[in-house]
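S.K.: Letter by letter, the chains look like this.
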Amino acid sequence: MTDEPGTSPENLHKESDANAPVKGAVPEGESEPDSETKQERLTGPESGIGSADVEATTGGAEIMAPEPSPEVLATRKGMFGVTGTGDTSGYGGLTRTIEFPGASSPPFGGWWDSVYERIGQLVPNYSDVITKVVIHRGEITFHVAREHLTELVQHLRDDAYLRFEFCSGVSGVHYPADTGGELHAVYHLQSMTHNRRIRLEVSVPDADPHVPSVVAMYPTADWHERETYDMFGIIFDGHPALTRILMPDDWPGHPQRKDYPLGGIPVEYKGATIPPPEQRRTYS
Amino acid sequence: MTSTVGDTTAPGAEAPQPTEDMYGVGGEEAEGHVYTVTGQDWDQLVSEHAERGDERIVVNMGPQHPSTHGVLRLILEMEGETITEARCGIGYLHTGIEKNMEFRNWTQGVTFCTRMDYLSPFFNETTYCLGVERLLDIEDQIPDKANVMRVMMMELNRISSHLVCIATGGMEIGALTVMTIGFREREKVLDVFELITGLRMNHGYVRPGGVGQDLPLRALTKVREFIAWMRKHLPEYAAFCNENPIFKGRLCGIGYLDLAGCMALGITGPPLRATGYDWDLRKKQPYCGYESYDFEVQTWDTPDAYGRFRIRLSEMWESLKIIEQCVERLEKMEGDPIIVPDAKIAWPARLSIGSDGLGNSNEHIKHIMGESMEALIHHFKLVTEGFRVPPGQAYVPVESPRGELGAHVVSDGGTRPFRAHFRDPSFTNLQAMPVMCEGSMVSDVVVAVASLDPVMGGVDR
Amino acid sequence: MGVEEKLPSGVLLTTLENIFGYMRSAAFWPATFGLACCAIEMMTYGAPRYDSGRWGQEVFRASPRQADLMIVAGRVSQKMAHVLRQIYDQMPNPKWVLAMGVCASTGGMFNNYAIVQGVDHIVPVDMYLPGCPPRPEMLIDAMFKLRDKVRHTPIGIDAVEAAREEEQRQLTAPATHELKGLLR
Chain A
1 MTDEPGTSPE NLHKESDANA PVKGAVPEGE SEPDSETKQE RLTGPESGIG
51 SADVEATTGG AEIMAPEPSP EVLATRKGMF GVTGTGDTSG YGGLTRTIEF
101 PGASSPPFGG WWDSVYERIG QLVPNYSDVI TKVVIHRGEI TFHVAREHLT
151 ELVQHLRDDA YLRFEFCSGV SGVHYPADTG GELHAVYHLQ SMTHNRRIRL
201 EVSVPDADPH VPSVVAMYPT ADWHERETYD MFGIIFDGHP ALTRILMPDD
251 WPGHPQRKDY PLGGIPVEYK GATIPPPEQR RTYS
Chain B
1 MTSTVGDTTA PGAEAPQPTE DMYGVGGEEA EGHVYTVTGQ DWDQLVSEHA
51 ERGDERIVVN MGPQHPSTHG VLRLILEMEG ETITEARCGI GYLHTGIEKN
101 MEFRNWTQGV TFCTRMDYLS PFFNETTYCL GVERLLDIED QIPDKANVMR
151 VMMMELNRIS SHLVCIATGG MEIGALTVMT IGFREREKVL DVFELITGLR
201 MNHGYVRPGG VGQDLPLRAL TKVREFIAWM RKHLPEYAAF CNENPIFKGR
251 LCGIGYLDLA GCMALGITGP PLRATGYDWD LRKKQPYCGY ESYDFEVQTW
301 DTPDAYGRFR IRLSEMWESL KIIEQCVERL EKMEGDPIIV PDAKIAWPAR
351 LSIGSDGLGN SNEHIKHIMG ESMEALIHHF KLVTEGFRVP PGQAYVPVES
401 PRGELGAHVV SDGGTRPFRA HFRDPSFTNL QAMPVMCEGS MVSDVVVAVA
451 SLDPVMGGVD R
Chain C
1 MGVEEKLPSG VLLTTLENIF GYMRSAAFWP ATFGLACCAI EMMTYGAPRY
51 DSGRWGQEVF RASPRQADLM IVAGRVSQKM AHVLRQIYDQ MPNPKWVLAM
101 GVCASTGGMF NNYAIVQGVD HIVPVDMYLP GCPPRPEMLI DAMFKLRDKV
151 RHTPIGIDAV EAAREEEQRQ LTAPATHELK GLLR
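If you read the protein sequences in the order shown, they are chains A, B and C. The first sequence begins at 1 in our numbering and counts up by one. The second sequence begins at 1 in our numbering and counts up by one. The third sequence begins at 1 in our numbering and counts up by one.
Derived by calculation from the structure, the hints in this document are not laboratory data. Please note: incorrect hints may appear among the correct ones.
Said to hold, decoys possible - Going by beta-carbon spacing under 7 Å, a handful of chain A positions derived as facing chain B: (1) Val133; (2) Asn195; (3) Gln256.
Virtual Cβ for every residue (Gly too), placed ideally from N, Cα, C.
All chains should be built: construct the whole structure from the sequences, respecting the hints.
M.R.: Structure below.
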């Protein structure tokens, strides 16, 4: 899909990876377990996927994935942070929808398909576990339901075809507009054997911010989960010692949530007072 | 979600009732007894601990201590000289940089993230800009000269960061000459930085779209002189330390962490390469054109503090090689653009010193005021609101001197980062401290932590 | 001690002031309080090129009991604030504080929940040094100004007089937001 004249706001944000070459998907390591891999290393049945499927196409053959429909998160109205009759700037009528890249459906192209199919072989109730797959700018994100997170992560780490043995970190994001799934925990996994990266995302509502902890599988996530708890209030069930790590132990609130103020003070300088950054005019 | 004071509940536990004693929410949350220490009450804590009947001493190293790399607090339970349990207390430098970035432009975010890991500012900037460029989908439009300059500045930064690690590590074990020569060499690197970016530290140089400033006159000559100086003086460190019996006695066998330990704890950088595994993101997942440079990944066969020290020394030699290749390429790229041609995203600063001694972009001002209306509009929009980045998220890691440094950048289509989270190598590497230190002596803790090279600005952000 | 507190104002007192000032400013011993980026510039201040040993300051004492100058170099977070105060309290008199960098002076670019907006909220500061981070030459300049200040510190009855004069001056001085003529 090529750029249409950007007259309507919706088209400005439509994303499509249909014609984009698969970025970052050239596996430089092994794509298959080698001949010495013991049978018990495979946590599931022998995969029927050959390595031929895994080579990324370059140049010539375009990957025809169906265009993912964007997912509307919120609608922004107006500009300069002003609403009501006081706004005479003319920007009050501006309506802009915030659309995140939408879900893709298989085939995705390249090694993503083999990972997706392998997960399907290992996990029985596949469509319950992975609720959505998003591919954007050459990176794949699996949205995982929280009840199945530990089971999925176990397979991701241990199966010889997947082998995502390195967890880069756990990051939290707070989307206040995404009711029912405000707090997201994002896990970046890396397979050093196969030299690939994927991302897992778990959404939990504000009212019940519990996510199972992956520390048993990835001990490195210990401090990362503590930090996410400290900053966002996501409670990781099963974490050995979930306490505050960056803020003082008795600090109330979770600072990096969107409803927590930045906490600055107005700055006075030679007759003028400048408000703190969060109270200044915004052009978003 | 409402939060109550003292919100340190265990997962799944009921929320505690607000009590009179703000610090009194104790109990079974964590393994062992949880203490909250706020200051001026160390005696109370020690007597409480003594009443529990253990024969062990709790020693608190830090947060203010010359042997900790910044404000790191080490809580050590000791029996005699041996450490039985060790924990890190961090958060003493938490600055809320990530939240601050949510209230600034995408370009202004660079000046914030630069100050996280303050010994490797270029790496912070580059990983953030790579993430933003991936979201903007301009990754293949970055000019070659910008990429070469990014690589050159990053490798110079790698040298200066390793020099600080070796210098402070030497100082902590008492080798003060290593500190003086380390900082002497580092001044040379900072001179080059000052010439090219204008600042010695915390440069806001790498911007989304390219780099901020072009090379000034005679910069390449200066870099060549620097390379010659380093080639002459780097062997001094090897002469001082490599076969020094005291140095080897202090470092060999200390801070042992083998490959299984590194992989479980998510350690990257010199500690991982000391195990013999040649994992380096510059080779495995190249960025900024690293695949076209000729250099080797340095490994060592003993995963202890000595191995990490030798790796850092050799990495400095490899960085010199890369810088030389960059200089050769830059000599042919005179006059090339240094930032994306799309004027809606970027404009190069093109600073020059005016007649009043202050810096300003006089050329640019002449252009927008006199020559081009579009340029004026672009300048106005870029300065007031900045550019807009399409919604989505990206994570592009780079190989910083300490390990894998990555920025998870989330955009909601606006002019500000919706969320910018940095996966800092020091934060993750510091989790290995208990593993390396329990069972050893106090003096070995100093060496082990120094060999991990944590920078608390990156740990606490 | 205390003899100098009881001396009447005169030649003897000013001579003692000279001696005390000279001794105290001759060699500060800084307490290591390097927190963030400014700490690195403070280390280069002690390093060969900007050698602070020229003025006897290369001895960075780790123990505050042996130090007389606390250079707060770097951003002070909420968690670190009480530690800062504790270290300050542990230093014996006479002691001085130099707030190095904008983060220590006013909170700097980090106007948020996590950073104390200036260490003068916690400890009395004798010298503010702006910069992000300040060059070692700027730190040298700040040290010289501090040395001048210490060199001419009044003691005993002169100190009481000086404090009274300063108080009178401040009562009639215009507030910062009234300093109109200095707007550029």
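S.K.: Flag every earlier hint the structure violates by its number, smallest first.
M.R.: The structure breaks only hint 1.
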